[in-house]
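Peer 1: Each chain, letter by letter, is given below.
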Amino acid sequence: MERMAKTLTKTIQSRTDNLLEVREFVMHAARRFGFSEEESSKIVLAVDEACTNVIKHAYQNAPNRSIQIDITHDRETFQVSVIDEGKSFNPNSAKMPDLKQHLSTFRRGGLGVYLMRTLMDKVEYNYSPGKRNEVRLIKYLTPSNSAARG
Amino acid sequence: MSEFKVHHRDGEGVSVIDLKGYLDAHTAPDLENAFQKLIDEKKFNIVVNCKDLSYISSAGLGVFMAYIEDVRKNQGDIKLTNMSAKVYNVFDLLGFPILYEIYKDEQEAVGKFAARK
Numbered sequence: 025m026e027r028m029a030k031t032l033t034k035t036i037q038s039r040t041d042n043l044l045e046v047r048e049f050v051m052h053a054a055r056r057f058g059f060s061e062e063e064s065s066k067i068v069l070a071v072d073e074a075c076t077n078v079i080k081h082a083y084q085n086a087p088n089r090s091i092q093i094d095i096t097h098d099r100e101t102f103q104v105s106v107i108d109e110g111k112s113f114n115p116n117s118a119k120m121p122d123l124k125q126h127l128s129t130f131r132r133g134g135l136g137v138y139l140m141r142t143l144m145d146k147v148e149y150n151y152s153p154g155k156r157n158e159v160r161l162i163k164y165l166t167p168s169n170s171a172a173r174g
Numbered sequence: 039m040s041e042f043k044v045h046h047r048d049g050e051g052v053s054v055i056d057l058k059g060y061l062d063a064h065t066a067p068d069l070e071n072a073f074q075k076l077i078d079e080k081k082f083n084i085v086v087n088c089k090d091l092s093y094i095s096s097a098g099l100g101v102f103m104a105y106i107e108d109v110r111k112n113q114g115d116i117k118l119t120n121m122s123a124k125v126y127n128v129f130d131l132l133g134f135p136i137l138y139e140i141y142k143d144e145q146e147a148v149g150k151f152a153a154r155k
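From first to last, the protein sequence lines stand for chains A and B.
Position 144, counted from 1, in the first sequence is what this note's numbering calls 168; the numbers after and before it change by one each time, with no gaps.
Position 31, counted from 1, in the second sequence is what this note's numbering calls 69; the numbers after and before it change by one each time, with no gaps.
Here chain B stands alone, though its shape is the one from the complex (with noise of 0.2 Å):
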């Protein structure tokens, strides 16, 4: 049994990651090679959909922190969406609401990316 897994959709300009799992040091890799290779189709605007994803670490969380300040050059973002209480309280131990646009759901994050057009 897999305990992370990282899928990847393409549309409307957007990309979305969803995540399923636990996102810890172990996992935290298999997140960075998703968004390098995004990066590296220059795939910019980016949504990481959260719904399945049951558990993040400080490892987790700094791959969202290796990768904004690039995206954000490129005209891109990450936005989070349909976190679970219990992951979203980690993200808002650390600040990241400050920083990252949170969604309640996916459709609205990838509506604000086709707004900004």
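Just chain A, same shape as in the assembly (with noise of 0.2 Å):
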């Protein structure tokens, strides 16, 4: 297969005041990409979701260790890739919950990975614990979901 082309970088530190300027980073580039509004809006959620998962789980609120985001593409796929170097936590013991049991018994969090697998067509991980950890945000540009459409 074709290596994906890296189009855009961006580090921040690990804070949650830095996710509104991720969310500006994203969504510019999924709209330049070609993705609709309402696409990218759900691009930029699930890359919130996985840079919070790692401000609170990976690196346990420590404020100032860096996030890296990158942006690659080819004709249809997008791919974000949130990188970090902190604790890595088993995204395949993250079952997909039982959404009903999970809201009626009223459990907080865990609601993260579950709206990223449903936002975007594929998430992948790759885990080396304290040295790199990565999660793969992937979307593919379809004509229902371009801004080209109708």
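It is worth saying that the hints were derived from the structure and are not from the lab.
Just so you know, not all the hints are guaranteed correct.
As the list claims (entries may be wrong) - List time: in silico DSS-like cross-link candidates among lysine-lysine, alpha-carbon distance up to 27 Å:
| # | chain 1 | residue 1 | chain 2 | residue 2 |
| --- | --- | --- | --- | --- |
| 1 | B | K111 | B | K124 |
| 2 | B | K43 | B | K150 |
| 3 | A | K34 | A | K80 |
| 4 | A | K80 | B | K58 |
| 5 | A | K80 | B | K75 |
| 6 | B | K58 | B | K43 |
| 7 | B | K150 | B | K58 |
| 8 | B | K81 | B | K142 |
| 9 | B | K43 | A | K80 |
| 10 | B | K111 | B | K80 |
| 11 | A | K111 | A | K30 |
| 12 | A | K80 | B | K124 |
| 13 | B | K150 | B | K80 |
| 14 | B | K124 | A | K146 |
| 15 | A | K111 | A | K155 |
Build the complex: two chains, separate frames, hints provided.
Peer 2: What follows is the structure, encoded as structure tokens:
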């Protein structure tokens, strides 16, 4: 398979007040790539969830660790990688929650992983604990989710 | 420029929280404080008006989950109103309409509390 071209990268410190900047960065790139506003909003939310997980879980709210956000693409594939060097968590142990039960017992948290998987076409993980953890959020551009539809 | 605002009004035995801007992991504590304050004051009939809420992530949704049980245990409720389609879609993805009453407009939600008396 042809390697995807690296187009954009941003590094932030692991603080929640940087999430807004990440969202604007991703929104701009997704719109430019050709996604509709609605579809771009889904990608933005998925990336917010990934970064929030890194801040809260991988870095356990330490404020000055770094999070790298890489956006790569080929003709139809748009990929956002969220990379950290913190504690990894095993995404396979985070089962898709039974939402009704989850909500009815008012359990908090754990919804971010569910949202990422629901909002994106594909979510991949690559973990080397303490060295480099990567979550890849992938969305394919199709006639139905592009800004040019209709 | 502030990215998120919580404003609270009281009237007719119902407290209304107005949300404005972005509700994410950074601003969720502001909403937590607003709920906590109402609960401390024993105000359990709560309407959250989302008219000016432009964004919500799971950190924001988690706040609603954290307080609903306390509020309902005290015969109150948290009802949500005036959501944009974009914000509603996120609530919907997580199945919130099963557990929370969501109304098009604030008066309708306030009226539901009044009708219960």
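Peer 1: Given the hinted pair A:K34 and A:K80, is their alpha-carbon gap at most 27 Å?
Peer 2: holds (19 Å)
Peer 1: Run the distance test for B:K43 versus B:K150: straight-line Cα separation, threshold 27 Å.
Peer 2: Since the Cα atoms of B:K43 and B:K150 sit roughly 26 Å apart, the hinted pair holds (cutoff 27 Å).
Peer 1: Regarding the pair A:K111 and A:K30, is the alpha-carbon distance no greater than 27 Å?
Peer 2: With Cα atoms ~26 Å apart, A:K111 and A:K30 stay inside 27 Å; holds.
Peer 1: Need the status of pair B:K124, A:K146: alpha-carbon distance at most 27 Å?
Peer 2: holds (22 Å)
Peer 1: Does B:K80 sit within 27 Å of B:K150, going by the straight-line distance between their CA atoms?
Peer 2: This hinted pair holds, its Cα atoms lying about 19 Å apart.
Peer 1: Can you confirm whether the C-alpha distance between A:K80 and B:K124 stays at or below 27 Å?
Peer 2: Judged against 27 Å, a Cα distance of about 25 Å means the pair holds.
Peer 1: Mind checking the alpha carbons of B:K81 and B:K142 for me, to see if they're no more than 27 Å apart?
Peer 2: holds (23 Å)
Peer 1: Is the hinted pair A:K111 and A:K155 satisfied, with a Cα-Cα distance of at most 27 Å?
Peer 2: holds (9 Å)
Peer 1: Next pair to validate is B:K111 with B:K80; report whether the Cα-Cα distance is within 27 Å.
Peer 2: holds (12 Å)
Peer 1: With a cut-off of 27 Å on the C-alpha distance, tell me whether B:K150 and B:K58 pass.
Peer 2: Given pair B:K150, B:K58 holds - Cα atoms ~24 Å apart, limit 27 Å.
Peer 1: For the pair supplied as a hint, B:K58 and B:K43, is the alpha-carbon distance within the 27 Å limit?
Peer 2: The hint holds at about 5 Å.
Peer 1: Would you check the hint for B:K111 and B:K124, treating anything up to 27 Å between C-alpha atoms as holding?
Peer 2: violated (31 Å)
The structure does not agree with numbered hint 1 stated previously, though it agrees with all others.
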